[in-house]
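Peer 1: Put the two chains together into one complex, using the hints given.
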Amino acid sequence: MTGANGDFLFLLLGIGGILVLATTIGAVLKHRIAPDGSNPTIENLNARIMAWWGMTALLAIAFLAGRTGVIILFAFCSFAALREFMTLTTKSAADHWPIAVAFFVVLPVQYYLIWIDWYGLYSIFIPVYVFLLLPIITVLQGDTRNVFIRISETQWALMICVFCASHVPALLTLQIEGYEGRNILLIAFLIVVVQLSDVLQYTWGKLIGKHKVAPALSPSKTWEGLLGGVASATLVGTALWWITPFTVWQAAAMSLAITLCGFFGGLVMSAIKRDRGVKDWGHLIAGHGGFIDRLDSVVFSAPIFFHLVRYYWSSV
Amino acid sequence: MISVLARLTGAAIILFARFITAVRAIWDGIEPVPRQRIYFANHASNGDTILIWTVLPPAIRARTRPVAAADYWLQSPLRRFIGQDVLNTVLIDRRPEARNHDPMALILEAVDDGASLIIFPEGQRNATNAPLLPFKSGLYNISTARPQVDLVPVWIENLNSVMPKGKIIPIPLLCTVTFGAPIRAEPDEPREAFLTRAQEAVLALAPRPAEDPQ
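Chains as they are written, first to last, in the working numbering: chain A, 9 to 324; chain B, 3 to 216.
Do not rely on the hints blindly, as some may be mistaken.
Selected chain A positions facing chain B (Cβ under 7 Å, derived; list incomplete) [stated by the list, open to error]: (1) L37; (2) K38; (3) H291; (4) L292; (5) A294; (6) G295.
These are calculated hints, taken from the structure and not from any lab test.
Computed from a prediction, not measured in an experiment: that's the story for all the values here.
We put the beta carbon where it would ideally sit given N, CA and C, even for glycine.
Pulled out of the complex, with its shape left as it was, chain B reads as follows (with noise of 0.2 Å):
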């Protein structure tokens, strides 16, 4: 019953989702082929996770957990169901002083299990206009305890327009999400190289500014 049901809320939001931003994925120096891979975007408004989830062809979707926090999912009825019924999230505590869980031991365990990932290194959404904020350290830690997994760079455009933060109502622009080729660490790569690397791969993705065409 709870599956049927979750699988109708989950075709209403790609249904809306497409509606409000016709979203459509450029897999640029990648394919979208079901293999293990964890998906590192930006993140800049609340429906990053949604509209990732949305372009995954429908197999590769069935076997890809959003990484996302349990203080926002857990809020209510409706976003626990959607959370953890619909997009099967790994959720994550974000205060180490309230957590009774490893969140990096969650994510591993996803992963052990052949579960694909989406996660923002980020660590939070960003409202500045920086286009990204410095990477946390979690995608490195990820990295080096399972570095047989890809990690794909994702750039998602114009979705903080269509629901900025505080905003409610979406309103309709068109968004691309775009897939760069997979990085993973090297063998003794510092961590600081690494989420370098890992940020400026997100960022090659992101659409030049307007320019002439000849």
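Chain A extracted, bound-state conformation (with noise of 0.2 Å):
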């Protein structure tokens, strides 16, 4: 435990450091080109960087507290998410019954599953039973306007937000031979990974972006952030190999695994937002929006990460 404790150290202060050199490049960025605040690039970035202190602070409370601490702040990641994706879904007065189901019933139980470690139920707790379930509790309310859209939406915003999500202290419950008592680091590899391919991105997209990838769906994201941010996170994630259970090799495959789900995750979503008339899914984080614009990416890789690390080294 000692181990995982140093290498998390380790990491911490590596994250750190890079925080550091991101506050004083913003500083800089600030106090040459507008000092008066007038940039809004600038003071996007500025506010980003601001908000990423925090929620560093936040994951590395949440690590040194072990397994609670991590699935008590994904839980209410989750809670966060699916309120700000149920503002958006379509919804009569029939509906409120379902709704807080959804919220007071389904995401603790799998929370609270992923707790027990109950395998075998929190991996089809909401696929399977509530999938199920709910659209039965919804059809009893009576009325039958839009009823497929609205089931659809909401079982839709439970996948992502909830199940999805959850996926990521599901990463605990493995267990891995030679890597006991060290499962929170792979949670740490892949928010660093996932995340920093998002800002990295970002930042090769702002500095050459010319060509779009998506025009249709997000006018942000460009070929040459994507082939930067998703080669340059590879890169760190394969340089992170040791905090792994995957040899050098291993760990390149699953940082561009995960790079690019993250990527296509940031893109369905964007897609969603556009069909919504929405720029933001909320305005919790400064800078960023709100969490699931945060966290869309790390939703889209967290379940399949959780799958090819349990198929391919978890002996459970």
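Peer 2: What follows is the structure in structure tokens.
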């Protein structure tokens, strides 16, 4: 365990160093270009960096609190994400009870199942039981207008915001030979690589981005940003092989897999925002938007990362 | 003792309101400065008073009194405590036959004490599909009696989905409270013209239906 703590501390120092560097660059840019705060890109950049300090601190505290801390943190993230998502879904007055059940029964039960490490149930609870039972509660309210859309969107919200997000703390339940007591570093690896990929895509895109990947879906995603971000995040992920149960080449392949999932996740969520006519999912994280704006890539990569690790490395 | 309990309850109510709605204030054409004002808002949920109260900055909140219905807020000891001690409401009786006071006199008394007010000029919760019910005359009467006070239009978005009429458990959804540029009744402005203008000022703050971003 001391080994895991030591590695974690080392990683934290590395992230702290990057943030100090980013904060310095942000301050210099502001001082040189627009000291009066008149450049919105620089202001947004600095707001994002400040929010990163906060998010890193929260994650570090949760990690030090161990399994319970991580599960509570992600249960809260799921709650905040679901709150944002359900604000934009198709609803009718008849959906009051099904939505209350989604928030106050489904979400806590899913995280409780992860806490008691019941893989057989938490991996099918929402895709099977909730998928079938929640529509029953919905139709029993007697309102058939848009009912197909309403139950579909509610289920999709639960899959993304609760089921997929809960696979981050679920990484703690995997048992990997020779990696006992170090699972928290798997979460650190996933989050660092995926979030760094987002940041690097943004940075490469701002610096040299010209050709849009999917102009219909997102105006800010460019080929230069995508390739530069994925390549550099994969390099960093490869360099982090020592905190994982992977070899160097395995770490590279895993990094590539999760950065690509993260990128396409961002694209999907961006398309949904467009459909609903909003720019951000919410406003709680200054500079970033809502929780889903920050979590979209993690949410899409977490279950796939979880199952790849479970299939190839886990003994349960 | 009561005042400590009231403060704690107030803090708990604000925390709960933020937990459920992550409510955000949008100051659009007006700044949150501690000046005497009368906030008038659309009314679709029992939580409206609390939501506006929650988003006001503490210094402003402390001097703002919601105008509310006595028959609702005196119904149980808990409501009486929240209504009188926590929210410091100006309680008025909506039933002319039962009341022994003039609502307008109570409201003007509060204004003359320097308090800001929160009022819902529709007079009741709007359970229809129309965005607003026609405004009652109270707003006009207040503005003509105290023409120096700014009237601030307010639009509360989404709370009626969080807690529709008749439901006990609120569902968590994002809400916003938008404050707009203040209005006053002009000298000699007819009642109907003023009320129409006031309704339009509130409606203008409602988010426009989703449109395609460019």
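Peer 1: Give a verdict on every hint.
Peer 2: Comparing the hints with the structure gives:
1. L37: The hint is violated - L37(A) has no Cβ within 7 Å of chain B, the shortest such distance being about 27 Å.
2. K38: violated (25 Å)
3. H291: holds (6 Å)
4. L292: Interface hint status for L292(A): holds (6 Å vs cutoff 7 Å).
5. A294: Not OK, violated: A294(A) not within 7 Å of chain B, min 12 Å.
6. G295: violated (15 Å)
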